[in-house]
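Participant: Sequence:
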Amino acid sequence: MKLSELIFNKNGMSIRTELPIIGEMLTEPMPYDKLSYDGFNITVTSIEPLIEDGVLVELKFKVSNTSSIKPTNNELISLKSRNISERIPQKIVMRLEEHNWPDHYARFTRQLYNPSTAPYLIRMIIKERGSINDTDLRDLLEKQGYSKTSGGIAASINVLENVTQEVKVEGKAKNKRYIWVDK
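In my numbering, the protein residues as written are 600 to 782.
Please keep in mind that the hints were generated in silico from the structure rather than gathered at the bench.
You may find that some hints are simply not true.
To be verified - Below, in silico cross-link-like pairs of lysine-lysine (DSS-like), each with a Cα-Cα straight-line distance of 27 Å or less:
id: 1; residue 1: LYS742; residue 2: LYS690
id: 2; residue 1: LYS767; residue 2: LYS742
id: 3; residue 1: LYS726; residue 2: LYS771
id: 4; residue 1: LYS773; residue 2: LYS747
What the hints assert, rightly or not - Computed spacing ranges between beta-carbons, pair by pair:
id: 5; residue 1: LYS747; residue 2: ASN699; range: 27 to 33 Å
id: 6; residue 1: GLU727; residue 2: GLY770; range: 17 to 23 Å
id: 7; residue 1: VAL656; residue 2: ARG776; range: 26 to 32 Å
id: 8; residue 1: HIS698; residue 2: VAL654; range: 43 to 49 Å
Glycine is no exception: its CB is placed at the ideal position from the N, C-alpha and C atoms.
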C-alpha cells in the first residue's frame, strides 16, 4: 500500500492510503493510544491545517510513500498499532467467544484487521468493490504477490461470512460471488 496522508484530530490519527489494485483512497482510523514508538522517520511533504470557527480541528500531513520510511535512532511516532486485536470491533469478539469456531477462525479474524496480511486485503477488496467474483478476487490477490490457490482465501471468506458477517457468498465453484453486506 502507498501511504499518502496522516490526519490528526482530537479523536486520534487517520492514515489515508491508496489501494493500488482499486486505485482509491482508504482511511484507516487509529486512536492515539494505539500508536507506538519504534524509531521510524517519516518525510512530510506538506501540512494542511483545517480551522473551523478559529479553532484548529485537524492537521493533514502529506507524506511520501512507504519506501521513504527508513529506520532511525530517533523515537518518532510510527504508523503501527501496539495491539492489532484491540481494533477488532467488540461485536466480532463476542461472536468469536459465543460459538465453538475452529481454532484458525480466531487467527484469521485478527488478520482481517491487520493491514499487512492477505485476509485484510481480501476484506478491503470486497468492501471497496461491493461485489466481486472468486476468479477476479484471486487474480487481484495474485497481482499483489499472494498465491491465488491458497487455502487462506477460503478461510478468510468463511470468517467474513460466518464470524464478522460482512460478506455474503452466492453461487458455487466458478460462479461464486462475494458481496459486501455489512452496514
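Participant: Next step is simple, just say for each hint if it's right about the structure.
Facilitator: Here is what the structure says about each hint:
1. Of the supplied pair hints, the one linking LYS742 and LYS690 is violated, its CA atoms being roughly 33 Å apart against a limit of 27 Å.
2. A C-alpha spacing of about 24 Å is found between LYS767 and LYS742, which places the hinted pair at or below 27 Å, so the restraint holds.
3. At roughly 20 Å between alpha-carbon atoms, LYS726 and LYS771 fall within 27 Å of each other, so this suggested pair holds.
4. Taking the CA atoms of LYS773 and LYS747, the gap is about 14 Å. The hint holds against a cut of 27 Å.
5. The hint said 27 to 33 Å for the Cβ distance between LYS747 and ASN699, and at roughly 31 Å that hint holds.
6. Taken as a hint, the range 17 to 23 Å holds for the pair GLU727 and GLY770, whose Cβ atoms sit roughly 20 Å apart.
7. Between VAL656 and ARG776 the beta carbons are some 41 Å apart, a value that contradicts the proposed interval 26 to 32 Å.
8. Between HIS698 and VAL654 the CB atoms are about 46 Å apart, so this pair conforms to the stated range of 43 to 49 Å.
Against the hints set out earlier in the document, violations occur for numbers 1, 7.
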